[in-house]
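Asks: Sequence:
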Amino acid sequence: MFSNLVSGGGRMLLNAANQGVSVPAARMDANYDVIRLDAGERIVTGISIPTRAYRGATVQVTCQWTGTIATAEVFGPPVKNPVYSANSVTFSWVPGPVNYNASFYYSGMSSEDPLRNLDCRESDADPAATFDPVFLANVRNYSVVRFLNWTTAVNDNRAVTWATRNRPGSGAFDAADGVALEYMILLANQAHVNPWFNVPWNADAAYVRKMAELVRDTLDPTLKAYVEVSNEVWNWGFKVTTQANKEGLEEGLAKDGNLAIMYRLAEKTGEVMDVWSSVFAGQMNRVVRVVSFQNGPSAVPYVLGFKDTARKVDAYATAPYFSTSTLTPDSLSTAAAMDAFFATTVPARIDETLTYAALTKAEVAKYGLRYISYEGGQHFLSSDLDLLKAIERDPRMGQAYTRYLTAWRDQIGDLLTLYQDVGVISIYGAWGLQEYPGQPLSEAPKAAAVERFRAGATGA
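One point on numbering: in the numbering used here, the residue at position 263 of the sequence shown is 373, and numbering is uninterrupted.
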């Protein structure tokens, strides 16, 4: 995503016993740069795979930094022929049969002149570019980009303050609230896509207001900012749901735990949207206020019917995934079984999903609001990784996406946000439309289907 390959690579302190631990807060300054290393300690930072290396190309990479350190080392299977100088190292990234990341280690750092501004990028890349050009070109294909996974404080349910939020150029890519908001806005402006922001549940009042002001003042005024409170405040896999349940019960919003969650979500959303509405007063055409919940119509009257919630939001969102129970090798062990899966099971699941979506849309329409999706697409899972790869890479998965997108357009007709742009296939799911940045569409049936649909919809 970022031209600087250490952005998002993670950072760890290796102590004298070579044990990896988080960098203690006392060892960092306000910019999240490490300012002290004791004898025998090292810092290790991950270096992400260059886009061209995914396609088998050998890539020259240069790492540069400021500050005084005794030792720097780049290490990992793809690292070949490193050449070190005082504040830089250049090496060849030679991909192998399996794609591995590399790592940057350093030790013997001066506390008076600590390492800062570490930047590792392809040697021939634009030194001023923030985003990888392949990633940027892909983002331009869409109308809306939801930044959930960039705002790590949301799913981690961390308390965040505006005073301690992450900022561009910090020493830690996803410290505090996550990727700096300025980077999200910059991507939206450069790609000319509407951004979708998630406000952390435990953000302080200053954060909520200042976030809205930053978006108002720096986002291209021709773009719309979608804004949502937290994420999936119904999913017990996320800590925020437990918190909303507790708060709703303690406030006496309901005696039933599920109702308490819905009412507290509605209440919290209203509080945040009041702030955003005041910040965007006179410019409300630039913002889309969203409340979201689990797919299906049953929760709509509880969420939107809570006090005046329906007047404080513009859209109600769900995640209309299509899926089956966890797939097993035995169930799809023959070509005939796989044929039946794509010919019968998958279409039935898509139709079922869209039926729920249509019912939800009808319920939301009673409140005069838009019905949109915050996530969507396939949701197939299997403990058999080879089986899942076979399903996801089958051209018929592309046909399934065409059916899904067409049905959504014809039956719903509003924003469908697919999860997600790029991601590897694992036993935890196959969420990416592509498995790596720049993957040829001939190898990515979901992305190819989306591109064909997009081109048809736009006349491109």
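Please note that a few of the clues may not be correct.
What the hints assert, rightly or not - The calculated label-pair distances, taken between Cβ atoms and stated as ranges, are:
{"no.": "1", "residue 1": "Leu551", "residue 2": "Thr516", "range": "46 to 56 Å"}
{"no.": "2", "residue 1": "Thr176", "residue 2": "Ala475", "range": "50 to 60 Å"}
{"no.": "3", "residue 1": "Glu183", "residue 2": "Asn299", "range": "19 to 29 Å"}
{"no.": "4", "residue 1": "Ser493", "residue 2": "Pro457", "range": "36 to 46 Å"}
{"no.": "5", "residue 1": "Gln393", "residue 2": "Thr516", "range": "45 to 55 Å"}
{"no.": "6", "residue 1": "Thr176", "residue 2": "Ala136", "range": "15 to 25 Å"}
{"no.": "7", "residue 1": "Asp496", "residue 2": "Asp330", "range": "16 to 26 Å"}
{"no.": "8", "residue 1": "Thr271", "residue 2": "Pro505", "range": "47 to 57 Å"}
{"no.": "9", "residue 1": "Thr176", "residue 2": "Pro134", "range": "17 to 27 Å"}
{"no.": "10", "residue 1": "Ser388", "residue 2": "Tyr252", "range": "35 to 45 Å"}
Claimed, not checked - Simulated pairs of lysine to aspartate or glutamate, EDC-like, Cα-Cα distance not exceeding 20 Å:
{"no.": "11", "residue 1": "Lys417", "residue 2": "Glu473"}
{"no.": "12", "residue 1": "Lys349", "residue 2": "Asp314"}
{"no.": "13", "residue 1": "Lys349", "residue 2": "Glu222"}
{"no.": "14", "residue 1": "Lys320", "residue 2": "Glu292"}
{"no.": "15", "residue 1": "Lys422", "residue 2": "Asp366"}
{"no.": "16", "residue 1": "Lys349", "residue 2": "Glu377"}
{"no.": "17", "residue 1": "Lys190", "residue 2": "Glu151"}
{"no.": "18", "residue 1": "Lys320", "residue 2": "Asp330"}
{"no.": "19", "residue 1": "Lys356", "residue 2": "Asp366"}
{"no.": "20", "residue 1": "Lys476", "residue 2": "Asp418"}
Hint data in this document are derived by calculation from the structure and do not stem from the laboratory.
Quick reminder that beta carbons are idealized off the backbone N, C-alpha and C, glycines included.
Asks: Holds or violated: are the alpha carbons of Lys417 and Glu473 at most 20 Å from each other?
Replies: holds (17 Å)
Asks: Are the Cα atoms of Lys320 and Glu292 separated by 20 Å or less?
Replies: Judged against 20 Å, a Cα distance of about 12 Å means the pair holds.
Asks: Run the distance test for Lys320 versus Asp330: straight-line Cα separation, threshold 20 Å.
Replies: holds (17 Å)
Asks: Starting from the range 15 to 25 Å, see whether the pair Thr176 and Ala136 falls in it by beta-carbon distance.
Replies: With Cβ atoms ~22 Å apart, the hint holds.
Asks: I want to verify a distance hint. Is the separation of the beta carbons of Thr176 and Ala475 within 50 to 60 Å?
Replies: holds (57 Å)
Asks: Please test the hint of 46 to 56 Å on the beta carbon pair from Leu551 and Thr516.
Replies: Violated, since Leu551 and Thr516 (Cβ atoms, about 18 Å apart) do not stay within the stated range.
Asks: Would the pair Lys476 and Asp418 pass a check requiring their Cα atoms to be no farther apart than 20 Å?
Replies: holds (14 Å)
Asks: Would the pair Lys190 and Glu151 pass a check requiring their Cα atoms to be no farther apart than 20 Å?
Replies: Outside the cut-off at roughly 25 Å; violated.
Asks: Per the hint of 17 to 27 Å, is the separation of the Cβ atoms of Thr176 and Pro134 within bounds?
Replies: For Pro134 against Thr176, whose Cβ atoms are near 23 Å apart, the range 17 to 27 Å holds.
Asks: Need the status of pair Lys356, Asp366: alpha-carbon distance at most 20 Å?
Replies: Since the Cα atoms of Lys356 and Asp366 sit roughly 11 Å apart, the hinted pair holds (cutoff 20 Å).
Asks: Is it true that the C-beta distance of Thr271 to Pro505 lies inside 47 to 57 Å, as the hint says?
Replies: The hinted range 47 to 57 Å holds for Thr271 and Pro505, with Cβ atoms some 49 Å apart.
Asks: Measuring from beta carbon to beta carbon, are Gln393 and Thr516 in 45 to 55 Å?
Replies: Check failed, 35 Å falls outside 45 to 55 Å.
Of the hints listed earlier, those the structure fails to meet are numbers 1, 3, 4, 5, 7, 10, 13, 15, 17, in rising order.
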